[in-house]
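J.: Here are the chains, one letter per residue:
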Amino acid sequence: MALFLMRRVLTMVLTALCLTFVVFFLTNLPPNLEKLAKSEAGSRISDAEVASWLEKNGHGRPLLVRYGEWLGVVPGWTREEDGKATGRCLTPGVDPAEAPRFCGVLQGNWGYSSFFKAPVGEKLRYHLSLTGVLMFWVIVLMVPASLLIGVLAGMREGSKLDRSLSTFSIASTATPEYVSGVILIFVFASSAVGLKWFKGTATAAMDGVTFDNFFLPVLTIALYGVGYIARMTRASMTEVMTAQYIRTARLKGVSFGGVVMKHALRNALIAPFTVIMLQFPWLLNGVVIVETLFNYKGFGWTLVQAAGNNDIQLLLGCSVVAVAVVLVTQLISDVGYVFLNPRIRIS
Amino acid sequence: MDAIGWGTILLTLLLRFWPVWLALVLTFAVSARYRRRLGLYGRLFDSTIGMVGFGLVMFWVFTALFSDLIVTHDVLSQISQMKNKPPGSAVPDGTAWYLLGGDHLGRDVFSRMVAGSRIVIAIAPLATLFAFMAGITLGLPAGYYGGRLDTVLSFLANLILAFPVILLFYLLVTPEIAATGLPQYLAIVLFLFPLVFLAVLVNSRYYVTPAFRTKVLAVILVLGGYIYLALVGEAGTKVALLPEAADIIHVPGNILIVFVSVVFVNAPTVFRIVRGITLDIKTRDYVAAAQTRGERPWYIMLWEILPNARGPLIVDFCLRIGYTTILLGTLGFFGLGLSPESPDWGSTINAGRKLLTIAPHPAIVPAIALMSMVLGLNLLADGLREESLKD
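Line by line, the protein sequences give chains C and Z. To convert, note that position 105 of the first sequence is 105 in the working numbering; the numbers rise steadily by one, no gaps. To convert a position in the second sequence, counted from 1, into the working numbering, add 347.
Bound conformation, chain Z alone (with noise of 0.2 Å):
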């Protein structure tokens, strides 16, 4: 079988992703359809900045959920005769080709770009979410209290904040410091924070009630207890904290690491944001009202303050998960933390930068790829708020 041109790759591109596209117009259809009921999510549909954006992020979270029908190759199975290919060539056997070539191990450069993205597409909205979780817990007393507490609490962020990120992933990604257990002691204080942010959500809303309020704290703390277990802990590591049988959850080692050290860098400026916020918030008049009312405090920070500055961090949100992919490239780029077999994009960036002079395409491809996913999230923050400052 011969070689493929540039028309006919970017047909059968178009083709390969068909289930991208049908979910794409799917959701578009349903969305347009509805969005004058939908609130902010509906009016991002009236904003074209706000639309491309939205568009180029759900391309890469369908194509993360179906990669397994997009893939035309496995990700690890390595052809040597097809090392460093251009793209289009067809494979020895002559059943398919090589979309966009392979790279220096002869791997399908496509099939990885697209396994690629459901790494990312897993690690940094959850990461970022967890950063979130940490920064709202702490920043909310901390600008409400202010004091002593808020000194404290400012000068930890300032300290983490001062420290070189690059520094930090290679202090905390190293398999020196993992063999400590380090990573895994900084999961038990970082995983922590979705549990008691849950609990005291609920506790403060429904404490009234308490016969209600003891029935949904007890399903968020033993459902929500045990994952935390199973997650932080991992037998025959430092930190075993379930028998190996109960622990159904199993995060590999390196992947942890990572995810404790994304959100370890995020949460300080999470932290920051939301300590200003709240710095403002609180001086309102309801604030006042619900002290007049009785309320408790931490009622106001969760259900008055925290509703109210939902705009600034939803578009900080879409910004943050953009510079945690990014992160996330970085560390794959240093070589630190995914294993060097892994088809995330900056990994194979790393991989395929060598070579860059004279096959560049095994490091071009997921370079646009994190490029394109980055950008949609600019360009969706952008518009989410341009929407929400309209009124």
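So that you can see chain C by itself, here it is in the shape it has in the complex (with noise of 0.2 Å):
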């Protein structure tokens, strides 16, 4: 167990590793460089001037060496010029022989933001703990609805219920979150149907979650999840309830309702374990969309900003907390099926 462990873990940090330098790279090219440039130091500045402002701040120099020190294994960049240091990990008024030597994300230095103008740790981890509280929401809802459902449509097979269950599911899944947020805002929050039970923007919720506010939004990226847990755990359940063991409870006389809660649910949510966990980097997109259709400000909307306006620290950061949803919860589930299922074994 250990070994298997100790393999995933270091296949994930060199994924991680290749990952955060692929982001780099794309974000560090020359037009995206040039750009900054321009947008720090004015926009008509000639190409020389570009140059030189490039050199100036440090990006003039080798990729790999440039990635090492965002990342913080490359001791940062120092100048001197006029007699006054300048440099990756100075800040002005501290002594330059005091700063640290290496300051990359390692030490918990995520660069500064150029268009939010504040640091990138400070504010990810706002925009993160929005974004917490609507995941936490989401998850409240999608994962009973959907195991429910799951459950219900897989006791028993062809039936008409099983049938407009399993509908339903692939109804969810077809509809992905801009069509059905745009479906539920006209419905339930337009004034062309009339209902208006609840906002059409979670901009209200960030300082307070009611139900009117933050309802749709939670519902939007559930119902794009529910469909396809649901139909994973009907494939189990249908799967545990032709097994032997099932049958000859029956026989014993254990009621329909027993067997079911008793005997089926427990081997039957083992599957869905995995396919819930594996569900989060899509949850992630499901995020982007829904906070920028319902302008709620969490983590999808800021890596939107980012992305939109060239700001290439806040752009990094937000790739690593996305790279690093992804990994830990593809961890999660591959050692949590190992727990729960013993018939799997690892060496």
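In case anyone wonders, no lab produced these hints; they're calculated from the structure. Where hints are given, some of them may not hold.
What the hints assert, rightly or not - Derived pair list, reagent style DSSO-like, types lysine-lysine, alpha-carbon separation capped at 27 Å:
| no. | chain 1 | residue 1 | chain 2 | residue 2 |
| --- | --- | --- | --- | --- |
| 1 | Z | 585 | C | 38 |
| 2 | C | 196 | Z | 430 |
| 3 | Z | 585 | C | 35 |
Stated by the list, open to error - Label-pair restraints from in silico Cβ distances:
| no. | chain 1 | residue 1 | chain 2 | residue 2 | range |
| --- | --- | --- | --- | --- | --- |
| 4 | Z | 416 | C | 191 | 29 to 39 Å |
| 5 | Z | 595 | C | 30 | 30 to 40 Å |
| 6 | Z | 572 | C | 11 | 31 to 41 Å |
| 7 | C | 163 | Z | 382 | 22 to 32 Å |
| 8 | C | 62 | Z | 572 | 33 to 43 Å |
| 9 | C | 203 | Z | 382 | 51 to 61 Å |
| 10 | Z | 569 | C | 160 | 52 to 62 Å |
| 11 | Z | 556 | C | 62 | 17 to 27 Å |
| 12 | C | 132 | Z | 569 | 50 to 60 Å |
| 13 | Z | 425 | C | 112 | 42 to 52 Å |
| 14 | C | 160 | Z | 354 | 29 to 39 Å |
| 15 | C | 191 | Z | 595 | 28 to 38 Å |
| 16 | Z | 598 | C | 62 | 32 to 42 Å |
| 17 | C | 14 | Z | 595 | 57 to 67 Å |
Unchecked claim - Every beta carbon over 10 Å from chain C, so not counted as near; a handful from chain Z, in silico:
| no. | residue |
| --- | --- |
| 18 | 362 |
| 19 | 365 |
| 20 | 394 |
| 21 | 549 |
Ideal placement from N, C-alpha and C gives every residue a C-beta, glycine not left out.
Quick one: dock chain against chain with the hints and give me the complex.
T.: Written out as structure tokens, the structure is:
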């Protein structure tokens, strides 16, 4: 088990390094840097001035060195000019001799957001906490609903209940967030239909979550995931329901409800666990769309702003978070699967 | 001329789609007549779900084909008095109606929705096909040979899969990245796979009849190679492979970028599916028989394993077209890639969502169109799966 875990973690770290390097490469291409220089130093500067600005701010060095600096394994650049030292790790007002040599992501220094004019770490923490609230309610709504639908549908394969619930699952997987969000706003929040039960934006939810300003975004994200998890649960439930021990329990005289609750449910819920964990990366997608649609300033909204405004440091920070979410959930799903299912042997 | 009510609108809509109904009735009549001789496709007409899905998909395919006959207005012409007008409003000169209303620039929502189907129908299946070619060409040897090749390819596939899709799109589909020519370099790699796939397919099958094989191979390589060069290169960009006079296929730059990124996102999943199936099938007796016969590895992969893996692959193909449609919509929704003028469904939803609470119809119409098409593909896949499991 320890060996399995170690190998998984090692692959994970390697993947994370590769991915962050790719993002670093793509965000630090010459056109991006030129745009950054122009937005920082004035849009009408000449090409020579762009080059000297980049050189002065440490962007002129080889890509691998800059990546190492950003990561915090290569000492940050320093520069002496007119007796004044500037550098990656130097903050104005602090003695250069006392400044740390390394300052990258590993040291907790995430850089400075050029669009929001604030440290990236601080910015990310605030917006991530907002998204955390959203995710929490999505999970609260999505997981029980999808398990219930899946179990009810898989209980009696081919019944009317199964048919209608399965069709609902297919319909929900066929409706991406930007479609269901638009339709939900139209039905429940627009003046055209006139129900106006909920609010069409979630901006107010950033100060305090209430049912009417938060239900629609949560429902929009949850709907897309429900169908998939329900289908997986249904598949595993139908498989369990045909097993010998279920038949034995039924012949023994246990009621149908008792069989489902006591015998089938536990075994049927192993497979959906993996699926739910692997849904997290998808939720991330949904979060970006829904936060844009409902104007909720969480992580997804930050990512869109960072990408749209060429905010290199913030975009790098966002991608670290996104990649970490994907990799950690993959790890949990693998390890959890082994724990839940003793029939799997790993060596 | 007065505005018309919902009854008249629906009736006019039904009439506007007459070429589609005609084509649908013909397709269903012919297919149902000969369904016993059409294999898996014919058996689709035994399952209600499959038939409904097939009908929905073909509805959009025919709409895309006949979109010039169906549209009522030019997709780009703006009539300023028609801004955000509700469905059924008459245009000022009194000659026609905006059947499903006008959008925020005074364009006809109905015509744009119909014209948008053409973009989706043109890109989604083709991009999925390319992703399948890449996934199959790499997945078969990874599963068949295993070992280090498998380790490296699987690691690369997982690398791409661990990338959040939206982030990848934002990184690939920005003007700055496009200026560096990166999407075109990606196209050079990804568009090579169909060519390699076809060449290896023919070569492994007709290896024993060299005269015939050489002829077919020459045709494939010359014709395919020319199309490849014309598709990938574009005079005046970073990758100018052919001189302008010889380059007959002009893919607009942003369409190419969208196409490439969608293929790039889909290929690793196909790779994983193909690899998984290959690992399973290669233990079968008929593979061992072929090996004993002395067949070459690529023959076994492409002519023994692949045909036996077709069931799950066809089902996944349908699902994946739907997923690609969703991805295209996502790109449009974030205003990436396609021009804002473009009538594709994602972009129109994006344009319409700002006024959603006041004038919802510009966003609702393409939203429902997209949903019905993806739903159709999902139902079709479900029907195919059910029917292919029967034997």
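J.: Please go over all the hints and tell whether each is borne out by the structure.
T.: Here is what the structure says about each hint:
Pair hint residue 585 of chain Z plus residue 38 of chain C holds up; C-alpha atoms about 24 Å apart against a cutoff of 27 Å. For the hint pairing residue 196 of chain C with residue 430 of chain Z, the CA-to-CA distance comes to about 24 Å; that is within 27 Å, so the pair holds. A threshold of 27 Å between alpha carbons decides the hint, and for residue 585 of chain Z with residue 35 of chain C the separation of about 20 Å falls inside it, so the pair holds. At about 36 Å, the CB distance of residue 416 of chain Z to residue 191 of chain C agrees with the hint of 29 to 39 Å.
At roughly 33 Å, the beta-carbon separation of residue 595 of chain Z and residue 30 of chain C lies within the given 30 to 40 Å, and the hint holds. Checked against the hint of 31 to 41 Å, the C-beta distance between residue 572 of chain Z and residue 11 of chain C comes to roughly 38 Å, which is consistent with it. At roughly 23 Å, the beta-carbon separation of residue 163 of chain C and residue 382 of chain Z lies within the given 22 to 32 Å, and the hint holds. Between residue 62 of chain C and residue 572 of chain Z the beta carbons are some 37 Å apart, a value that agrees with the proposed interval 33 to 43 Å.
Separated by about 55 Å at the C-beta atoms, residue 203 of chain C and residue 382 of chain Z satisfy the suggested range of 51 to 61 Å. At roughly 58 Å, the beta carbons of residue 569 of chain Z and residue 160 of chain C sit within the given window of 52 to 62 Å. Taking the beta carbon of each, residue 556 of chain Z and residue 62 of chain C are about 54 Å apart, not inside 17 to 27 Å as hinted. The supplied range of 50 to 60 Å is met by residue 132 of chain C and residue 569 of chain Z, whose beta-carbon atoms lie about 58 Å from each other.
Against the hinted window of 42 to 52 Å, the Cβ-Cβ separation of residue 425 of chain Z and residue 112 of chain C comes to about 43 Å, which satisfies the hint. For the pair residue 160 of chain C and residue 354 of chain Z, the supplied restraint of 29 to 39 Å holds, since their beta-carbon distance comes to about 33 Å. In this structure the supplied range 28 to 38 Å is violated for residue 191 of chain C paired with residue 595 of chain Z, their Cβ-Cβ distance being about 52 Å. For residue 598 of chain Z and residue 62 of chain C, the hinted distance range of 32 to 42 Å is satisfied, since their beta carbons lie about 35 Å from each other.
Between residue 14 of chain C and residue 595 of chain Z the CB atoms are about 45 Å apart, so this pair departs from the stated range of 57 to 67 Å. No beta-carbon of chain C is positioned within 10 Å of the beta-carbon of residue 362 of chain Z; the least distance is around 26 Å. Consistency note on residue 365 of chain Z: stated as away from chain C, and its beta-carbon is indeed over 10 Å from all of that chain's, at 27 Å minimum. At the 10 Å boundary, the C-beta of residue 394 of chain Z stays outside the reach of chain C, the nearest C-beta of that chain being 12 Å off.
Taking the minimum C-beta to C-beta distance to chain C, about 36 Å, the non-interface status of residue 549 of chain Z holds against the 10 Å cut.
Checked against the numbered hints given earlier, this structure breaks hints 11, 15, 17; the rest are met.
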